[in-house]
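Protein chains in written order, with our numbering: chain F, 1 to 597; chain B, 1 to 243.
If you're looking for bench data, these hints aren't it; they were derived computationally from the structure.
None of these values were measured; they are calculated from a predicted model.
Among the hints, erroneous ones may be present.
Interface residues of chain F toward chain B, partial, derived using beta-carbon atoms under 7 Å [claimed, not checked]:
id, residue
1, Arg332
2, Leu333
3, Thr336
4, Asn416
5, Ile422
6, Tyr423
7, Pro424
8, Asp590
In silico SDA-like pairs for lysine to any residue, Cα to Cα no more than 20 Å straight-line [what the hints assert, rightly or not]:
id, chain 1, residue 1, chain 2, residue 2
9, F, Lys136, F, Ser350
10, F, Lys304, B, Ser129
11, B, Lys170, B, Gly160
12, B, Lys204, B, Ile63
13, F, Lys304, B, Glu130
14, F, Lys304, B, Arg126
Even glycine gets a Cβ: it sits at the ideal position worked out from N, Cα and C.
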Amino acid sequence: MLRALLYLRLASFGNWGRSRIRRLREPKYLAGATVGIAYFYLFFFHRLGAPPPRHLPAGFAASGAAGSAGMLPVDWLPAAAGIGALGLFVACVLMWLLPRGSAALGFSEAEIAFLFPAPVTRRGLIHFRLLSTQFKSLFGAFVMMLFSNRWTFLGGNAFTQAVGWWFIFSALNLHFTGSGFSLTRLAEAGVGRWRRRFWVAGGLLLLVGFTWARLPAAHRLPPPLADDLTLRPFAGWVAMVAGVEPLRWVLWPVEVILRPFLALDLRMFLGALAPAFAVLTLLYLWVLNSAVSFEDATIEHARKRSERLAAWKTGESRRGIGMIKGRGAPFRLLATGRPEIAFLWKNLLSTWPYFNLRVLAGSVVLIFGLWAWIQGRPEWRGLLPVAGAIAIVFGCYTLIIGPQFARQDIRSDLANSDIIKIYPLAGWQVVLGQLLAPTAILTGVAWLCVLIAALTFHPSSPALGWLTPQVRIVAALGVAAVIPPLSALQLLVPNAAALLFPGWSQSSRMRGGGVEVLGQRMIFFFAQLLMMLVALIPAMAFATALFFIGHWLAGPIPALLLAVGVVVAVLAAQVAFGVWLLGRRFERLDLSSELKP
Amino acid sequence: MIEVEALTKRYGGVAAVQDLSFTVRRGEVLGLVGPNGAGKTTTLRCMAGIIPATTGTVRITGIELAADPVAAKRNLAFFPDEPRLFEYLTVRQHLNFVARIYGVANYETVAGPLLEEFEIADRADRLPSELSRGMRQKLAIACGLLHAPQVMFFDEPLTGLDPLGIRRMKNSIVKRARDGAAVVLSSHLLHLLEEVCTHVLILKQGTKLADGTLAEVAARFSNGEARMTLEDVFLRATGGSEI
Numbered sequence: 001m002l003r004a005l006l007y008l009r010l011a012s013f014g015n016w017g018r019s020r021i022r023r024l025r026e027p028k029y030l031a032g033a034t035v036g037i038a039y040f041y042l043f044f045f046h047r048l049g050a051p052p053p054r055h056l057p058a059g060f061a062a063s064g065a066a067g068s069a070g071m072l073p074v075d076w077l078p079a080a081a082g083i084g085a086l087g088l089f090v091a092c093v094l095m096w097l098l099p100r101g102s103a104a105l106g107f108s109e110a111e112i113a114f115l116f117p118a119p120v121t122r123r124g125l126i127h128f129r130l131l132s133t134q135f136k137s138l139f140g141a142f143v144m145m146l147f148s149n150r151w152t153f154l155g156g157n158a159f160t161q162a163v164g165w166w167f168i169f170s171a172l173n174l175h176f177t178g179s180g181f182s183l184t185r186l187a188e189a190g191v192g193r194w195r196r197r198f199w200v201a202g203g204l205l206l207l208v209g210f211t212w213a214r215l216p217a218a219h220r221l222p223p224p225l226a227d228d229l230t231l232r233p234f235a236g237w238v239a240m241v242a243g244v245e246p247l248r249w250v251l252w253p254v255e256v257i258l259r260p261f262l263a264l265d266l267r268m269f270l271g272a273l274a275p276a277f278a279v280l281t282l283l284y285l286w287v288l289n290s291a292v293s294f295e296d297a298t299i300e301h302a303r304k305r306s307e308r309l310a311a312w313k314t315g316e317s318r319r320g321i322g323m324i325k326g327r328g329a330p331f332r333l334l335a336t337g338r339p340e341i342a343f344l345w346k347n348l349l350s351t352w353p354y355f356n357l358r359v360l361a362g363s364v365v366l367i368f369g370l371w372a373w374i375q376g377r378p379e380w381r382g383l384l385p386v387a388g389a390i391a392i393v394f395g396c397y398t399l400i401i402g403p404q405f406a407r408q409d410i411r412s413d414l415a416n417s418d419i420i421k422i423y424p425l426a427g428w429q430v431v432l433g434q435l436l437a438p439t440a441i442l443t444g445v446a447w448l449c450v451l452i453a454a455l456t457f458h459p460s461s462p463a464l465g466w467l468t469p470q471v472r473i474v475a476a477l478g479v480a481a482v483i484p485p486l487s488a489l490q491l492l493v494p495n496a497a498a499l500l501f502p503g504w505s506q507s508s509r510m511r512g513g514g515v516e517v518l519g520q521r522m523i524f525f526f527a528q529l530l531m532m533l534v535a536l537i538p539a540m541a542f543a544t545a546l547f548f549i550g551h552w553l554a555g556p557i558p559a560l561l562l563a564v565g566v567v568v569a570v571l572a573a574q575v576a577f578g579v580w581l582l583g584r585r586f587e588r589l590d591l592s593s594e595l596k597p
Numbered sequence: 001m002i003e004v005e006a007l008t009k010r011y012g013g014v015a016a017v018q019d020l021s022f023t024v025r026r027g028e029v030l031g032l033v034g035p036n037g038a039g040k041t042t043t044l045r046c047m048a049g050i051i052p053a054t055t056g057t058v059r060i061t062g063i064e065l066a067a068d069p070v071a072a073k074r075n076l077a078f079f080p081d082e083p084r085l086f087e088y089l090t091v092r093q094h095l096n097f098v099a100r101i102y103g104v105a106n107y108e109t110v111a112g113p114l115l116e117e118f119e120i121a122d123r124a125d126r127l128p129s130e131l132s133r134g135m136r137q138k139l140a141i142a143c144g145l146l147h148a149p150q151v152m153f154f155d156e157p158l159t160g161l162d163p164l165g166i167r168r169m170k171n172s173i174v175k176r177a178r179d180g181a182a183v184v185l186s187s188h189l190l191h192l193l194e195e196v197c198t199h200v201l202i203l204k205q206g207t208k209l210a211d212g213t214l215a216e217v218a219a220r221f222s223n224g225e226a227r228m229t230l231e232d233v234f235l236r237a238t239g240g241s242e243i
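Assemble the whole structure, with the sequences as input and the hints as a guide.
Printed below as a string of structure tokens:
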């Protein structure tokens with residue numbers, strides 16, 4: 001069995017690698033691979049040999065025992081162990097609480113077709129599956145190590161961290177399988193879902209209650225936020241809570257699994273290996289001894305997975321068939337009117353249900369409510385600038401990165417272009433209609449960020465005295481007015497890429513991920529950034545000049561209105577031109593010939 | 001209704017369709033037949049305005065497709081062999097969406113009978129993923145018929161349908177033609193074409209081998225034999241028989 005598995009995995013991996021290398025003959029993959037490899041080298045691999053600077057992030061660097069140099073990994077270790085153990089523990093508890101079907105092992109349809117009728121025992125199949133997950137765990141550990149090796153608060157080195165990640169992933173996999181078997185056993189024994197949840201939640205409450213009772217009264221709640229916003233007191237509190245019985249006993253096996261990852265040096269790492277292996281062995285024995293009939297559920301699981309993958313690959317589904325639920329429309333679509341609105345309606349239906357006006361209005365009310373509440377509490381007002389700064393960063397992130405995620409447009413409908421082209425619509429109408437939903441989503445999110453920033457921004461410098469509340473309101477409204485055309489302009493770039501290079505766009509969807517696909521996405525992303533700069537520079541330059549002239553002649557508010565009007569007009573003209581251009585391209589698009597090798 | 005003149009479609013140096021001309025009048029059903037790779041689907045896609053023809057003209061109800069595609073497309077419907085649906089719209093929402101695109105003001109009064117005719121009325125709130133292959137095909141056809149097109153193109157319309165579904169589909173096509181629509185349908189099921197079509201066009205390697213009524217085409221390849229089936233005609237025309 002082991003040899004068959006090794007043969008299957010190695011042969012599959014070899015073929016996968018060969019096909020990847022072979023397709024580098026196509027320029028689109030070669031360019032993507034070059035950029036992707038350069039990215040990985042510059043950001044990850046060239047640092048692997050060098051030890052990262054070991055100190056805590058800014059929030060943790062505080063005066064105290066560690067002095068001005070900040071906390072070192074050894075200072076951080078108890079809190080890291082506590083936080084990590086609590087996180088893993090919560091993940092494990094959720095496996096017992098969240099709804100799950102009967103125990104199913106993640107076999108593919110091909111594996112089911114070949115292995116289930118083969119003369120292999122059930123235990124052999126479980127071994128096959130557990131060993132298969134090891135390949136994923138090893139790969140996952142390698143990828144996570146690339147990231148964690150850059151975390152400045154960790155000790156150890158690339159090797160100890162990779163092994164540490166492997167322990168974490170293996171333990172989670174084994175616990176997931178074991179809990180699935182146990183839940184099926186419980187269900188077969190007549191313990192229903194809610195009864196089981198009652199007992200699990202009850203046990204959890206008891207655990208929290210006992211721990212809370214044993215904590216010193218002064219430390220039962222987290223410490224208040226320090227004026228300088230350092231997290232050292234909070235980290236210390238977490239470490240203390242995690243060390244109180246009975247929570248400490250419950251967290252012990254989880255912490256043991258984490259120890260190799262958090263080891264500061266080779267000695268600690270070697271010392272942590274034996275206990276971690278012991279916990280893994282116990283989990284393995286639990287899985288083997290709790291095994292139940294899993295064949296039916298596994299076949300169903302594989303079928304759904306296969307359908308989900310097929311739908312995702314062909315672009316028919318953005319969230320996967322299993323996750324789609326029929327639901328009410330975001331608004332009532334009348335049978336007559338601008339046809340572009342039909343695309344907005346359709347594309348909003350394809351995304352999360354909370355992207356609607358009700359949620360937007362509710363968020364506005366919530367933000368105003370929180371702001372008013374904080375206004376009456378001076379001890380919390382220190383949070384307002386932090387919230388404002390986070391809102392500004394998130395707003396910028398939404399405008400710059402958002403178009404890569406809000407894909408309810410041509411990119412998702414490319415596979416349906418044959419059907420859409422039959423509609424009696426000009427190309428620009430289709431493009432405009434397709435852009436509406438992601439523009440509306442990005443605009444809604446960015447508007448909330450502007451609102452938070454506007455409410456929390458109070459200039460204290462005398463030099464900014466001219467920024468009166470009235471000016472700030474007009475400025476915020478001006479930024480809000482610029483956001484829709486700016487979002488639309490940003491969205492034009494990835495949509496243009498999808499229409500101009502459908503082979504690239506489809507390839508990232510139809511042939512799975514990889515370094516070359518990552519590189520392709522990075523090329524698109526940088527093109528989008530460049531486009532934003534090129535589009536914004538003339539508008540901003542013109543608007544800035546007008547603002548200063550207007551400010552000199554009529555004061556800040558008329559100047560702002562004038563500048564915003566110019567920026568919006570220039571951006572809207574650019575969007576209109578882009579939509580028209582892409583519409584012409586859409587009318588000429590022949591997807592079948594574009595995707596021919 | 002449908003006028004095709006000297007239609008040519010090239011992919012690079014390869015001609016998928018070459019110098020194709022024919023006409024389909026009101027009430028006629030033209031069967032497009034040919035071996036795999038003959039250019040049937042490409043011809044249908046060119047006529048539906050999905051892909052531009054390299055040269056030649058297509059007129060739909062007198063409107064030149066290349067000159068005024070929007071007006072021409074208002075009068076046509078295309079039904080691909082594989083139903084392409086939006087996975088996140090229910091059956092009812094599909095019809096609502098299509099109604100808005102075509103501006104069908106009274107679509108509820110049209111949609112109800114259509115759903116009944118194709119036996120999907122009781123699944124109006126289901127998603128495509130909750131429908132069988134045949135049901136999905138029926139939904140795609142109901143969407144295409146919502147705006148009462150005068151010109152219809154069917155590409156392998158019976159794929160995935162059960163025997164009763166096939167019967168209903170055949171009746172539906174014939175009924176639409178009797179009501180005055182011009183229909184072009186491509187299929188490998190030659191017995192279906194014999195039952196439904198008034199005319200037939202045989203394609204091979206993108207070139208027209210023959211067209212006309214079934215009797216006319218049969219006469220051309222019969223060599224004096226009586227009672228030739230379309231299958232016999234097809235095999236002789238395309239060189240696929242042992243004669």
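Review point. Which hints, by number, does the structure contradict?
Key: 1, 9, 12
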